[in-house]
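Number of protein chains: 2
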Amino acid sequence: MSKERLYLFDTTLRDGAQTTGIDFSVEEKRRIAAVLDDLGVDYVEGGFPGANATDTRLFENPPALETARLTAFGMVKRAGRSVSNDSGFQAVMAAKCPAICLVAKAWDYHVRVALGISNDENLAAIAQSVEAIVASGREAMIDCEHFFDGYKGNAAYALAVARTAYEAGARWVVLCDTNGGTLPHEFEHIIADVTKVVPGSHLGIHTHNDTENAVANSLMAVRAGVRQIQGTLNGIGERCGNANLTSIIPTLLLKSEFADRFETGVTPARLRQLTHASRILDEILNRNPDRHAPYVGESAFATKAGIHASAILKDPQTYEHVAPESVGNRRRLLVSKQGGKSSILAAMEKLGIPVDRDEAVLVRVLDEVKSREAAGYSYEAAEASFELLARRMLGEVPRYFSVDSFRVMVERRHNAKGDLVTVAEAIVKVSIDGADEPIWSVGEGNGPVNALDRALRKDLGRFQKHIENVELVDYKVRILTGGTEAVTRVLVESLDTVTGERWFTVGVSPNIIDASFEALLDAINYKLMKDAARVVEQAVGRAV
Amino acid sequence: MSKERLYLFDTTLRDGAQTTGIDFSVEEKRRIAAVLDDLGVDYVEGGFPGANATDTRLFENPPALETARLTAFGMVKRAGRSVSNDSGFQAVMAAKCPAICLVAKAWDYHVRVALGISNDENLAAIAQSVEAIVASGREAMIDCEHFFDGYKGNAAYALAVARTAYEAGARWVVLCDTNGGTLPHEFEHIIADVTKVVPGSHLGIHTHNDTENAVANSLMAVRAGVRQIQGTLNGIGERCGNANLTSIIPTLLLKSEFADRFETGVTPARLRQLTHASRILDEILNRNPDRHAPYVGESAFATKAGIHASAILKDPQTYEHVAPESVGNRRRLLVSKQGGKSSILAAMEKLGIPVDRDEAVLVRVLDEVKSREAAGYSYEAAEASFELLARRMLGEVPRYFSVDSFRVMVERRHNAKGDLVTVAEAIVKVSIDGADEPIWSVGEGNGPVNALDRALRKDLGRFQKHIENVELVDYKVRILTGGTEAVTRVLVESLDTVTGERWFTVGVSPNIIDASFEALLDAINYKLMKDAARVVEQAVGRAV
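Chains as they are written, first to last, in full-length UniProt numbering: chain A, 1 to 544; chain B, 1 to 544.
Within a straight-line C-alpha distance of at most 30 Å, the following computed DSS-like cross-link-like pairs (lysine-lysine) qualify:
#1 B/K152 to A/K3
#2 B/K255 to A/K196
#3 A/K429 to B/K417
#4 A/K196 to A/K152
#5 A/K152 to B/K3
#6 B/K370 to A/K476
#7 A/K476 to B/K476
#8 B/K429 to A/K417
#9 A/K370 to B/K417
#10 B/K96 to A/K370
#11 A/K350 to A/K465
#12 B/K476 to A/K370
#13 A/K255 to B/K196
#14 A/K417 to B/K370
#15 A/K476 to A/K370
#16 B/K255 to A/K152
#17 B/K152 to A/K255
In case anyone wonders, no lab produced these hints; they're calculated from the structure.
Could you build the full structure based on these sequences and the hints that come with them?
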């Protein structure tokens, strides 16, 4: 049986750009458009030309996309003006792209209050705008704003808007739940009514996440007959965000209820890039990825419950609703006090450390992890520290260097101008394994940890070249008040700016500087250990 | 028409505790339980007694809850053992609480593979476990693990598990979508089948967010007949999280499709605490609140689109699906100052500072708070700092003392025995208002902040007696990476060991020591301000 085609319309660069705190540059828009094109979406809405300089520039010199159609967003022309006399409309028409999507009012209340025109004037403006786009040889779409509230207020008028757009030649008539207030069970009967005036093969759905139902609403709309889905990568968007394509796409491809009936431009092979696409967007936005994001989150296939962990090893499929590899993600069995031997075993196997279930080293690592966790350590978010610990216990990690002493000073004082300023300074004394003389390094920073980090990474002698591209990108502090004395747990995220690899390390001490120091040392040692392993691999490769 | 009752079952402290990186202390569990009780949920699942020391201690000395029923989680007793011979089961039975929820396998495949027992042995174990709980005079619940996958694999057996639990006396039989793979449209027909063996008034739903449909799935289940909903605050939980009660509760209360038919323990008045409850959990977890969270997020009612913003001013209701105040949140118009004035006014009124809505000081405080929030401050959890700020702007707070300079040093070195030790030392120079000579104080501590705190509180001259009983009891650090430069926000909790009063203060700086210093200063100044007010009150009291 041949499958029906579903169309994916991405508005990350337009509606997603409405997110509080997001401000894409032209270059960033180009990069994201390329990622979306690679992923296989059908439409990439790039922005609103004429509304701001970034979007105007993007559409003057549009990115070359392989299969996705670049789409410009705009507003239906003003009533009482011809299309050629409306400068806003003409700015959109000037965009160099094969498709244009215009927003139109579908709620008669807003036609009256916000536009101040008659219902018929609004319909005429919609029809003339669509006709102008079609006449220019391009694909026309109409976003029916507040469609569902409009339908509840005046169904006949909301339907008239949809029909007018369709009859004027719009390829897609998109039903927008603009304020995100519609609930999943409402879509079926409303859309059934809409399909009486516009065929489902010409209907799109655009939802917002204000009740946390944007994904479900989109899926329900597809079941009710619409064939185009609008959304954004990672669900970014105004207020609570738009429908999250990163969650919708895998459901369409991997869940038989949809996969058996429909196909999209995202093939199974492209789907394996989904996690990567999601992370790239976060990278561009300089955000920490949501660890708990469905399908693509770092923890989406992670488990720390002991009862589950041992069973997952027996048969992962019954515990995972889809295979993590299908979306380019991976399974994680977390090392924690709730898990037991089997999760340590699984963690070690994942690291490529071959150990038997009953081997003594496994018991020793488990005991060490348990006693460290009792002292405040937590390895579930610090896999690099765990790997270092395990490999050290196996005798695989040499001591590259040691820090004999350090001193950190923070001083607040009046400067020459009489202003109160605070300065931070650190001195470390490092002994490199095999070298005769210790190295003294001094670092200044905007705080004590920053100063210590700089001093520590200033000069590691012959190891320096390995850490040249390592950056501390995140630093988290938690005070644990479990026992009698409070201890500080520090989690450090490091980034290799060349390879893009990230790793997490942990340090614990009653003293925050000590705890930070330990996590920083682990971060450096992890990098040196990994580089050493790579050298061995290459040497073996050459020998073979 | 009388409404049907829906029951809310919160598992933040049990399933939520499975979240990667979350590790509640007993004290934190108590605090969260109190927040949930205040909010009006029906059940608070506190943890798994016997599985770890934290949960065992919690249930040995349970928190006193007003209306919510504290619930212990456990596993159905092992097959082939009597309930009294199963030590794990007995550890759960030993919990001091009025309700117990046991997880049971509902998928025959897992009965065989994970438990290695027969289908009938599993049913017998479930019945005997429920009977034992009922015989102890408590409410029994069964979580049917993997119910939906089980139903798809062997419907008759999944239904037999549900019926067995119900017939043995379980108050609630909870259908769990354990791996989160079930889609919204599947609930109606499956639950219709379940209600043939267990009445909907005894059915619960427990969903996970692996396809981003946990909220929709819970709502669909209610429409299909279940009357208990399990979920967590902020949707925390293993992998992608549990059903988010913070989104579900307002939908049940504010959307007519549910509000007209159902009522819950959360009244409209309690619903206004929802945003606060959500933020408190983040505070305890030391997480940045999700700005885009439905209903309670900082941006949930924010808009930056010019076209929308001006229209919202005309008529907010048609642009907002619910009123932000109904969940204790607020509208944010990024083009206008309207948003914050009423909340600042409310905060000042709460402190007993009488100001008119239009008074100039209100605008000045609002401006100051806004500019400080832009710099990284947050007064949501630092009311003492807010009160100090507001009263200072009203000219009510004199300068008691000032710190002209400080120096903090942390040193790691070998001690006389040759061990590596780290010492922290701080020196502060304090000028007391009205005194001629500055006071130098030195403090040692287990970390730089501790040393600084001790030095600062060692000698405040004539104010010393006021701070003698003040202790720093909690200290939280968060790195904010909003702007170009990362800043550190420190939150300090202080305790008067005599009166038991606690207060929270905040400090922000790129330098963690500076930020800590600011919060410590606020903590001391707050105490001096409060004591001064008490002196005035007492004097007035004597005069009358």
